[in-house]
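Protein chains in written order, with numbering that gives the first Met the number 0: chain A, 0 to 153; chain B, 0 to 404.
Where hints are given, some of them may not hold.
What the hints assert, rightly or not - As a list, the in silico EDC-like pairs of lysine to aspartate or glutamate whose alpha-carbon atoms are at most 20 Å apart:
1. A:Lys3 x B:Asp349
2. B:Lys1 x B:Asp13
3. A:Lys122 x B:Glu350
4. B:Lys400 x A:Glu4
What the hints assert, rightly or not - From the derived model, a few chain A residues whose C-beta atoms are all more than 10 Å from chain B:
5. Asp29
6. Glu82
7. Lys122
By construction, these hints were calculated from the structure, which means they are not laboratory data. The structure displayed is predicted, hence computed values, not measured ones. Every residue, glycine too, gets a C-beta built ideally from N, C-alpha and C.
So you can see what is in the structure, the chains are spelled out below.
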Amino acid sequence: MNLKELYQEIILEHGKNPRNLRKTEGFNKDAKGNNPLCGDNVHVYLKLNGQKIVEDASFEGSGCAISMASASIMTDLIKGKNEHEAKEIVEDFLGMIKENPELQSKYLSEDEKTKLMCLSGVKQYPMRVKCATLSWHTMVSAFDEKMEEVKTEN
Amino acid sequence: MKIDQIKKEFPIFDEKIQNNDLVYLDSANSSQKPKIVVDRINEFYTKQFSNVGRSVHYLAVAATNLYENTRTSVQKYINAKDKNEIVFTKGATEALNLVANTLGQSYLQEGDEVLITELEHHSNYVPWHFLRKSKNIKINFAEINKECEITLEEIEKKITQKTKLISITHLSNVTGAILPVKEITQLAHSKGIIVVVDGCQGAPHLKLDMQELDCDFYAISCHKMYGPTGLGVLYGKKKWLEELPPYQGGGGMINEVKKDRISYGELPNKYEAGTMATAQVIAFDQSIKFLESIGIENVMKHESDLVEYGQELLQKNNSVKLIGNPKNKGGVLSFTIEGVHPHDIATILDEDGVAIRAGHHCCQILHDKLNIPASARASVGIYNTKEDLDQLNQSINNCKKIFNL
Ligand SMILES: Cc1ncc(COP(=O)(O)O)c(C=O)c1O
Numbered sequence: 000m001n002l003k004e005l006y007q008e009i010i011l012e013h014g015k016n017p018r019n020l021r022k023t024e025g026f027n028k029d030a031k032g033n034n035p036l037c038g039d040n041v042h043v044y045l046k047l048n049g050q051k052i053v054e055d056a057s058f059e060g061s062g063c064a065i066s067m068a069s070a071s072i073m074t075d076l077i078k079g080k081n082e083h084e085a086k087e088i089v090e091d092f093l094g095m096i097k098e099n100p101e102l103q104s105k106y107l108s109e110d111e112k113t114k115l116m117c118l119s120g121v122k123q124y125p126m127r128v129k130c131a132t133l134s135w136h137t138m139v140s141a142f143d144e145k146m147e148e149v150k151t152e153n
Numbered sequence: 000m001k002i003d004q005i006k007k008e009f010p011i012f013d014e015k016i017q018n019n020d021l022v023y024l025d026s027a028n029s030s031q032k033p034k035i036v037v038d039r040i041n042e043f044y045t046k047q048f049s050n051v052g053r054s055v056h057y058l059a060v061a062a063t064n065l066y067e068n069t070r071t072s073v074q075k076y077i078n079a080k081d082k083n084e085i086v087f088t089k090g091a092t093e094a095l096n097l098v099a100n101t102l103g104q105s106y107l108q109e110g111d112e113v114l115i116t117e118l119e120h121h122s123n124y125v126p127w128h129f130l131r132k133s134k135n136i137k138i139n140f141a142e143i144n145k146e147c148e149i150t151l152e153e154i155e156k157k158i159t160q161k162t163k164l165i166s167i168t169h170l171s172n173v174t175g176a177i178l179p180v181k182e183i184t185q186l187a188h189s190k191g192i193i194v195v196v197d198g199c200q201g202a203p204h205l206k207l208d209m210q211e212l213d214c215d216f217y218a219i220s221c222h223k224m225y226g227p228t229g230l231g232v233l234y235g236k237k238k239w240l241e242e243l244p245p246y247q248g249g250g251g252m253i254n255e256v257k258k259d260r261i262s263y264g265e266l267p268n269k270y271e272a273g274t275m276a277t278a279q280v281i282a283f284d285q286s287i288k289f290l291e292s293i294g295i296e297n298v299m300k301h302e303s304d305l306v307e308y309g310q311e312l313l314q315k316n317n318s319v320k321l322i323g324n325p326k327n328k329g330g331v332l333s334f335t336i337e338g339v340h341p342h343d344i345a346t347i348l349d350e351d352g353v354a355i356r357a358g359h360h361c362c363q364i365l366h367d368k369l370n371i372p373a374s375a376r377a378s379v380g381i382y383n384t385k386e387d388l389d390q391l392n393q394s395i396n397n398c399k400k401i402f403n404l
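Looking at chain A on its own, in the form it has when it is part of the complex (with noise of 0.2 Å):
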């Protein structure tokens, strides 16, 4: 157990000033989601043009500093992405919050990589993973215009 791994500077950064916690004008797709659980809450917003690419992502809610930097990571580099892009970098940090050591998505610069690798701390505690992932599972139940509030068990 490392608790200088799981809160990296960046994560602290992120969870003190997330990027893009607010609404964003003209959303054409989001949802919520809530981890019973702690109380967190999550309502993650998109935007995507014509071409559906996203335009603009943002999330509004409350939680703890994984959760929070978490979204904020997430929305920053969902920019510019489509749809299957999208959904596939979900499933490859998924797969690396639970078990993969590396991220493996073409659709991720090194840069953006490094990034979410910031959260792969998380790991080693069970009890937190669910923290981390509640906003992409948010995500792609905005994608997939579920109605139904997401609740994450892990």
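Please arrange chain B with the ligand on chain A, whose structure you already have, making use of the hints.
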């Protein structure tokens, strides 16, 4: 009273938890178990096991006697008038569901009002919500004051002509506020209102005297009382338990079963359908003996010293904000740290072996009222020391350091 000696009776404190000594500050959630309780379960299963109340063989008779002995011990411990006023359940949650369900079947009518408080645990709200759905009763909430207390005056203010029942916690599992249950009961009874008490946090930490409190029902959670999980106690005044219908149907609770009619058993069997948590009931006798051997006055003194000490420590720690400041307070310290989410606090404290709880502690109504999604909670038991609270404070400082506060 030597706390080191008492602590030695709990085997868990001999364990290293992730290479740390355990600083267990989560007793409001569930207490640790003394060796005599653990041993009793083992002994019963290895040397004395039989189901109770059904067979005439030697072991069955002996087990039945042991089971009933605990009932008598509980009766004495809480000073109930009659042994049959003690019903075993699977937990306080089931005890409260039993009360709501049976009162809903035969006593509460559409339009009747049930008064609860903003401090209630979900298990003292959701069962009444079921009746709001099925019987159209109304639920009113007595509100907390600035110190997060529920006063007698507030209860009085919220009573209406239609109030039939008041259901309140004895001691808040978040703010530690101790409610004036005796006074509330006097007031309620003067208006013909029934009083149900969620005694989960009261029973392990306060002196219990049912005849003095005079409430109609009192729910106890044995796993918070140095006892086994899967067990609760419902105290109910005999007149109510006799008058109300059964809760669950099955073996053990019946008198006579025919194709066209069924009659139910007498108390306490009437409310104990099916095979009960036999080993747990028998071991719970040892929990009571354990508490009696210390003496509840000593427990109360020790825990109130601890909470006073902890409160002072945390008040002095800037960026820590304690939730509520009730005059009459049990061993619960809930807090937030500006800039650190409770889950992050709990994870960081855990690294030092400090076990606390983070979340809404099954009290969403209260957290909504306080406008916070969650809080961190340190709660004490008989085995805790001032050193534990020093460690808590030190780990909180570490947490602040990690978050650059
Ligand atoms: C105030 C309060 N009420 C009810 C409960 C539920 O008790 P049990 O676990 O015995 O069902 C708890 C424990 O979580 C509690 O703290």
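Hint-by-hint comparison with the structure:
1. Note on Lys3 (chain A) and Asp349 (chain B): the hinted pairing holds, with a Cα-Cα distance of about 14 Å set against a maximum of 20 Å.
2. Between Lys1 (chain B) and Asp13 (chain B) the alpha-carbon distance is near 17 Å, which keeps this suggested pair within the 20 Å criterion.
3. With a CA separation close to 15 Å, the supplied pair Lys122 (chain A) and Glu350 (chain B) stays within the 20 Å bound.
4. Distance hint between Lys400 (chain B) and Glu4 (chain A) is fulfilled; the C-alpha atoms sit about 15 Å from each other, no more than 20 Å.
5. The claim that Asp29 (chain A) is not at the interface with chain B holds, since no C-beta of that chain comes within 10 Å of its own (minimum 20 Å).
6. Once the 10 Å rule is applied to beta carbons, Glu82 (chain A) is consistent with being away from chain B; the minimum gap is 31 Å.
7. Separation of Lys122 (chain A) from chain B is adequate, the least Cβ-Cβ distance of about 13 Å exceeding the 10 Å criterion.
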